[in-house]
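Whenever a hint applies, use it, and build me the whole structure from the sequences.
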Amino acid sequence: MLKRALAIISLLIIGYWLAQGLAGVPFGQDRMLVGQYYLDHVKEQTGAVNAVTAVVVNYRGFDTLGEVTVLFIASTGVGALLWRKKRERTAKTEGSIVLTTGTRLLAPFIMLFGAYIFIHGHLTPGGGFPGGATIATAFLLLYMAFTVYEIPHKAFEKVEGAVGMSYVLVGLIGLAIGGYFLFDWIWQTWGWGHNNIGRLFSGGFIPVIYTVIGIKVGTELSGIVDNMLKEEVRE
Amino acid sequence: MISVYYFGAIALILIGLYAVLVKKNVLKMLIGLSIMETGVNLLLVSVGYISGRSAPILSEGIGPNGAVDPIPQALVLTAIVIGVATTAMALSVAILIHEKYGTLNVEEIRRLRG
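Protein sequences, first through last, are from chains A and B. Under the numbering used here, the first residue of the first sequence carries the number 1, and numbering increases by one thereafter. Under the numbering used here, the first residue of the second sequence carries the number 236, and numbering increases by one thereafter.
Derived from the structure by calculation, the hints contain no laboratory data. Every value quoted in this text rests on a predicted model; they were computed, and no experiment measured them. Be aware that a few hints might be false.
What the hints assert, rightly or not - Distance windows between CB atoms, simulated:
(1) A:Y149 with B:L256: 36 to 44 Å
(2) A:L112 with B:R345: 46 to 54 Å
(3) A:G66 with B:N260: 44 to 52 Å
Quick reminder that beta carbons are idealized off the backbone N, C-alpha and C, glycines included.
Shown next, in the form of structure tokens:
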């Protein structure tokens, strides 16, 4: 009881301190410095309509590369921590007929919608990470509904590595053409899609990179789910 | 007077911190960590809000002067993914702890045996 009381008192002090600090940051007022520059120039500089994805992929592409790396390391780490010689799914309870039939119907639609999200990252809310997470949800649904379902490991791991490589490759092509890593060569050198901003075939390399990221995130999260659902079996 | 969004974000951070400090079950501590992450993300996004403006997608009549700050949203997109990655790692460590010790109580996990 004493411990809890002490914790609550110290947390209230921390909360008061945080609130004092935030009192100097008024809510809902225009404080944009770089943000206004991004909003003013996003259309002619990147061809994207969605300013958030332009910032994520184009202006601050290094952050996204680091983010993809973090997710890749997490996926590898989960695989390494849970590695055993013989791991199988030991679940015995098959889903009910409503669940299995619903999954059969729903899984393709979820995957289609995930692909829609990451292909239209430069036009609509979303992008590679939400799209990839949606695709992983479809695989999670398959895992939950069918006790025998397993993702094809070999193919998944190869796809994951290949799309990660192709992200770096797109950046390296930019280095060769434009002089710096992750340079948007499709938009700034080729000028491809300049006259249809706001349509699908615009946005420079944002759709390309987001397709790559979407596939990568989808396969990685499915791999994490797969690793966590398996248990060790004795011979 | 502090905004309700800031208050909610700080409250979420404190609730998460409370769970990490007081709870003894590893899974409950991880839930606390996730709640804390949510609070931090909510705080970041609410700092970027500008009254009366809409999402930073410049179409359908929303010009550069009608959108909120896109930078905190990009930042939070990164932070969410990193949160998911760390949670996945921590959960697999929790699975290993339960396999090795047969308990998830932090007071009973004394010796770090292989």
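Could you check the hint for me, namely that A:Y149 and B:L256 are 36 to 44 Å apart, CB to CB? Holds: the Cβ-Cβ distance is about 40 Å, inside 36 to 44 Å.
Just to be sure I understand the hint, the distance between the Cβ atoms of A:G66 and B:N260 should be within 44 to 52 Å; is that true here? 32 Å, violated
Taking the beta carbons of A:L112 and B:R345, is their distance inside 46 to 54 Å? 51 Å, holds
Hint 3 from the list above is the single one not met by this structure.
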